[in-house]
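Q: Each chain, letter by letter, is given below.
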Amino acid sequence: MLSVRNLKYDVVEEQGEVGIIHDISMEVPDGQFVVITGPNGGGKSSLAKCIAGVYQPTGGRILFEDQDITSMSITDRAKLGISFAFQQPVRFKGIEVFDLLKLASGDKQLSVGSACQYLSEVGLCAKDYINREVDASLSGGELKRIEIASVLARKSRLSIFDEPEAGIDLWSFSNLIKAFEKIKRETNGSIVIISHQERILEIADTIVVIEKGCVKAAGARDEILPGLLGTESAYPSCRQGSPDETDENCGPDTGSMADFVKGGLE
Amino acid sequence: MLYLDDKDIEQRILAEVADIHTTPTGAYNIRYNGKAQSRNSTANIQITSREDGSGINIDIKDGTVNETCCIPVVIAASGHKETVTNEFNIGENCDVVIVAGCGIHNCGNQDSEHHGVHRFFVGKNSKVKYLERHYGETEHGTSGGNIMNPTTELFLEEGAHVEMETTQIRGIDSTRRITSAEVKAGASIVIKERLLTNGTQFAESDLTAKLVGEGSSANIISRSVATDRSRIKFVSNIVGAAPCSGHTECDAIIAGDAKVLAVPALDADQPDAALIHEAAIGKIAGEQLMKLETLGLTAEEAEAAIIDGFLK
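As they're listed, the protein sequences go chains A and B. Read left to right, the first sequence gives residues 1 to 266 (my numbering). Read left to right, the second sequence gives residues 1 to 312 (my numbering).
Chain A on its own, in the form it takes in the complex (with noise of 0.2 Å):
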């Protein structure tokens, strides 16, 4: 589905141009759920991006579908079927989170209920939302989730996201997982997710580990996963509390997991 071929990504800076990513290649088969995980700062956010259009990579080929989409822009990327879904979500002054959906869904007759049932997979009580505007008045992690619901509603063949877990609170962290098998299962198509989490590498069929800007380690789960356990590309997930103990769909937003885990490792 999606192959990336020597892929270079450099920025100009003060100092000259810096490599943030030197020489990355992997491929994503169809139907895979792919976790790229490694250090901070290693280049995993960039090539998302790069896969995305958000960035334009500096060297190499990005091919999806058989198609050279390495120079293609973030809407053509778009309608071809690949979505992103951002690490740090922005912020839209008047647009309704009912608004944002029915974009995201590309349907302007998006149903009430269609609607809910995305905002709902996110652990976000939908009628409490869906006339929100996504403005300073959401939290960053009410936020999160709605990037998230609007990559949900895309249905798209490539699903990227970026950091997802951070500022989904423990309870939730379930249901994220829940969708994301949803969105495979629905679209018949690949996920990518930049992650440390623990249990999103758990359930990944292969783990790229991208550390300085290369290809570190690449394979299927079992193979890559124990050599990670206890480093800093697999954060243990915090397993305190219980996840049942609030309801599925109408809990509150209590805070961030990653943040409450990673904390005093960044």
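Quick caveat, the hints were computed from the structure, so don't treat them as lab data. Keep in mind it's a predicted model, so treat the numbers as computed, not measured. Heads up, a few of these hints could be off.
On the chain A side, residues computed to face chain B include the following (Cβ under 10 Å) [to be verified]: (1) I74; (2) T75; (3) K79; (4) F84; (5) F86; (6) Q88; (7) V90; (8) K93; (9) G94; (10) L100; (11) A104; (12) S105; (13) G106; (14) V134; (15) E147; (16) R154.
Cβ coordinates follow ideal geometry from the N, Cα and C atoms, glycine included.
Keeping the supplied structure of chain A fixed, place chain B upon it in accordance with the hints.
A: Relative to the frame of chain A, chain B by itself:
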């Protein structure tokens, strides 16, 4: 001076400015090229011509609830210039909606102008929703400008509440809008203004709310978009002359070679006046465009969606 008697133009403009598609129900007065074209009063809402011929008086009886009064103005003549004064006397304990839009269709090379003064006396404990939409269109190949200068004066008695929504999205080349409100004890006013200018258009809005009674409040929210070489000037002033609360917010999106001037002012006459202002001017953030592009929108569609949402 060229006058058009085009029913299609009239219907289209009535739909744009007042959402009127058929003969309205309730009280209404439709003004067309300077003359009252049709009028209807109800048992509770009386519409009469002012003695000096300058406009109409709208008298709403005490206790009138769930009624609407619609007084749109259509100008479909190039070079037509008019000054209109309409006075609303709203009794006590009412709950009414007033729709007052103005649309200009300019088919020639002369400027068309509408200067409207709307004066509201809102009785004790009455609730009024006032909707005002301004719209203009110019026929292809003509150069006549559309000029709209509305003045709104509001006097709120104790416990009254007014929500005023003004929208000017398209086709008005020049506007100078003056709004003033005097708000007595326990009364409140919310003013929401939406403005979009393009080309070489100019829009100026000057809002003043005087909070003169204990427990009075004002909330002024302006959102504007200036594109191309257009200019917008927004001045808001909340005067706290009693224990009161006031908030004014001005957000503007600027694009192209446009200019936006926002001047929010607070004027507190005594220590229990709690007044806040916020103002922000900026272009559409690149991240916002990118997000919508990842949903499959083109850059142009993304910009339009952001502006539509912002001005909603």
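Q: Would you mind marking each hint as holding or not holding in the structure?
A: Hints and how they fare:
A distance limit of 10 Å between C-beta atoms decides the matter here; for A/I74 the minimum to chain B is near 4 Å, and the interface restraint holds. Because the beta carbon of A/T75 sits about 5 Å from the nearest beta carbon in chain B, less than 10 Å, this interface hint is met. A hinted interface residue such as A/K79 counts as satisfied when its beta carbon comes closer than 10 Å to some beta carbon of chain B; here the least separation is about 5 Å, so the hint holds. At about 5 Å, the closest approach between the beta carbon of A/F84 and any beta carbon in chain B falls short of 10 Å, and the interface hint on this residue holds.
Taking 10 Å as the C-beta contact cut-off toward chain B, the hint placing A/F86 at the interface holds, the least distance being around 7 Å. Contact between A/Q88 and chain B, as hinted, is supported at the beta carbon level, the nearest pair being about 8 Å apart and thus within 10 Å. Interface hint at A/V90: satisfied, since its Cβ lies 4 Å from the closest Cβ of chain B, which is below the 10 Å cut-off. With a least beta-carbon distance of about 6 Å to chain B, the hint placing A/K93 at the interface is held under the 10 Å criterion.
Given the 10 Å rule on beta carbons, the hint for A/G94 holds: about 4 Å separates it from the nearest Cβ of chain B. For A/L100, the interface hint holds, the least distance from its beta-carbon to any beta-carbon of chain B being 8 Å, beneath 10 Å. Because the smallest distance between the Cβ of A/A104 and any Cβ of chain B comes to about 5 Å, under 10 Å, the interface hint for this residue holds. With a cut of 10 Å, the hint placing A/S105 at the interface with chain B holds, because the nearest CB-to-CB distance is about 9 Å.
A least Cβ separation of about 6 Å between A/G106 and chain B falls short of the 10 Å threshold, and the interface hint therefore holds. For A/V134, the interface hint holds, since its Cβ comes within 10 Å of a Cβ in chain B; the closest pair sits about 9 Å apart. Because the beta carbon of A/E147 sits about 8 Å from the nearest beta carbon in chain B, less than 10 Å, this interface hint is met. With 10 Å as the threshold, the beta carbon of A/R154 comes within range of chain B, its nearest partner Cβ sitting at about 7 Å, so the hint holds.
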